[in-house]
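Asks: Chain by chain, the residues:
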Amino acid sequence: MALNSSSAADVVPTSPAFRLKGGLFPLTLLEIRRYSQPEFEQDLLSKVAEAPAFFQQTPVILSFEMAVAEAEQVPLAELVELCRSNGLRPVALRGGSKELKKQAETLQLALMPEGRVKVDAAVSPEGTAEPVAAKAAATDAAAGIDAAAGSGADRPADSAENGAGGGNKIITTPIRSGQQVYAAGGDLIVLAAVSTGAEVLADGNIHIYGALRGRALAGVRGDTSARIFCQSLEAELISIAGDFKLHEDFRGQWWKKPVQVSLTDDILAIEALSK
Amino acid sequence: MAKIIVVTSGKGGVGKTTTSAAISSGLALRGHKTVVIDFDIGLRNLDIIMNCERRVVYDFVNVINKEARLNQALIKDKRADNLYILPASQTRDKDALSKEGVEQVLEELAKDGFEYIICDSPAGIEHGAFMALYFADMAIVVANPEVSSVRDSDRILGILQSKSRRAEQGERVEEYLLITRYSPERVAKGEMLGVGDVEEILATKLLGVIPESESVLKASNQGIPVIHDQESNAGKAYSDAVSRLLGDNVEHRFVTIQNKGLLQRLFGRSA
Ligand SMILES: Nc1ncnc2c1ncn2[C@@H]1O[C@H](COP(=O)(O)OP(=O)(O)O)[C@@H](O)[C@H]1O
Ligand SMILES: [Mg+2]
Chain A
64 MALNSSSAAD VVPTSPAFRL KGGLFPLTLL EIRRYSQPEF EQDLLSKVAE APAFFQQTPV
124 ILSFEMAVAE AEQVPLAELV ELCRSNGLRP VALRGGSKEL KKQAETLQLA LMPEGRVKVD
184 AAVSPEGTAE PVAAKAAATD AAAGIDAAAG SGADRPADSA ENGAGGGNKI ITTPIRSGQQ
244 VYAAGGDLIV LAAVSTGAEV LADGNIHIYG ALRGRALAGV RGDTSARIFC QSLEAELISI
304 AGDFKLHEDF RGQWWKKPVQ VSLTDDILAI EALSK
Chain B
93 MAKIIVVTSG KGGVGKTTTS AAISSGLALR GHKTVVIDFD IGLRNLDIIM NCERRVVYDF
153 VNVINKEARL NQALIKDKRA DNLYILPASQ TRDKDALSKE GVEQVLEELA KDGFEYIICD
213 SPAGIEHGAF MALYFADMAI VVANPEVSSV RDSDRILGIL QSKSRRAEQG ERVEEYLLIT
273 RYSPERVAKG EMLGVGDVEE ILATKLLGVI PESESVLKAS NQGIPVIHDQ ESNAGKAYSD
333 AVSRLLGDNV EHRFVTIQNK GLLQRLFGRS A
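Chains A and B, in that order, are what the protein sequence lines are. Numbering-wise (this note's numbering), the first sequence opens with residue 64 and increments by one. Numbering-wise (this note's numbering), the second sequence opens with residue 93 and increments by one.
It should be emphasised that the hints constitute simulated quantities derived from the structure, not laboratory data. Bear in mind the structure is a predicted one, so any value in this text is a computation, not a measurement. Hints are not guaranteed to be accurate.
[Claimed, not checked] Mimicking DSS-like on lysine-lysine, the simulated pairs with C-alpha atoms at most 25 angstroms apart in a straight line are:
(1) K297/B - K328/B
(2) K328/B - K203/B
(3) K255/B - K319/A
(4) K281/B - K319/A
(5) K95/B - K297/B
(6) K203/B - K170/B
[Said to hold, decoys possible] Here are the in silico distance ranges between beta carbons for each label pair:
(7) D185/B - Q323/A: 38 to 44 angstroms
(8) H310/A - E323/B: 44 to 50 angstroms
(9) G315/B - Q294/A: 47 to 53 angstroms
(10) E195/B - T327/A: 29 to 35 angstroms
(11) Q119/A - N313/B: 49 to 55 angstroms
(12) L336/A - G123/B: 29 to 35 angstroms
(13) G104/B - R314/A: 58 to 64 angstroms
(14) R264/B - L336/A: 55 to 61 angstroms
[Said to hold, decoys possible] Residues on chain B that point at chain A, a partial pick, calculated with CB under 8 angstroms:
(15) R171
(16) D246
(17) A295
(18) K297
Using N, Cα and C, we set each Cβ at its ideal position, and we do this for glycine too.
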């Protein structure tokens, strides 16, 4: 709780007003390969359409480590503004020329140390740190975007969310068809059913204390140790770190059973929760 | 305080207008000053079911556009004393409804002392349906016992709890499920979902189960809301629903096959 200033003045401080704590938060790298304003904006828009849950004031690091030389000439302010207007919050710069770093400082972006291995941009367009969820979510565009889906407002009203840096998210009401709920940087806990046509995503684990009838994607930023737990498996799709199984793959043995799903030796494994 | 109730479903042809007419008549018959608004701009059939189509001079859109005053557009029902109808326009399209315009009309109705404002929603999840549900305090979600209708109702419930004014204010819209066109015989044959299945999928309080009944068609052809026909099962079921809406605890009728034999009753459903 925040104290207002008048009452704070009456309090004799016994400890410092704050303390510094180390925190480990997953941050997405936006790896720029080349830059021209219209192309960049177009690509950004199509990413937003694919995975709207990702573009809700998500902090990102602008990385120029993979950029071709000309890209280092970008007007950084313009690029930052494009990101902002599409739901991204650039917080830092990684890599790039001296000139870019100077621009970043004027824009009050932090400067991040460069990664250890500098990969040649020309050889590796794939295998970047692009969030896995963007790929997974794109597998079914139809389930996603309509009046109910996509925007920040589609979350069930009483979702409880941790503060800065995302974290665990607890939802106490059913997640309905057309809705999408994403727990950035933590686990998603749902105390009700997830309907057919709904989609739940988490960077961490997903726990559903009801029937899972829609799509559940855990570890969407690549955490292969993430798991999915549910009271009744009736899902359309389950995925961990991009590995997925469809409805027809578990229609038999596990159907309507309480199960957990994990990624074991690169294979999506389903097992009973209670014996 | 006026209570704003939207009758909605996502899917068309499931019985929203039939339900709006019945519930609003039922509330009025029990002494509550009630108005029913047709949000189905361009189609307009609430006034036909309520048998007042020939008395429409001004409509909802005229009031929003300030071409007419509210009391010029309200039509007094001939059967229930406390009931008024605000008809839809037949000539405009649904974009004629603006949030501000709808809000003004609702506020004026509340000021005029209406206790219940029933909003008959058009089908779909677009502008018209959104306008009908946006200001709701309570929603009656109408579903037929079949998969696609239940899915659409689920979607509407999601929109209600995330996009309505109440949701924006961090509150919930009170939600009720009304299953219509229910046929226990067809459920037994596996041709329809049972009440239990629908309830389980939608996880919403059951306001009532209205049986499939010929009296509904007859009633709408005659322009008499079916709730006035207390001989019919549909009329009785709507009456029960109104009681529940008003807080009474009434057991659900017409959910099992009516005239089945003793043996069938003993062995029909053991689970
Ligand atoms: N319980 C019922 N039994 C039989 N027919 C019904 C029942 N409820 C509605 N109907 C019929 O279904 C059709 C659609 O009803 P309506 O109320 O206009 O639906 P909506 O407003 O959802 O489009 C109408 O022909 C109506 O008479
Ligand atoms: Mg209708």
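Asks: Any hints this thing doesn't respect? Which numbers, in order?
Replies: 2, 3, 7, 10, 12, 13, 14, 15 and 18
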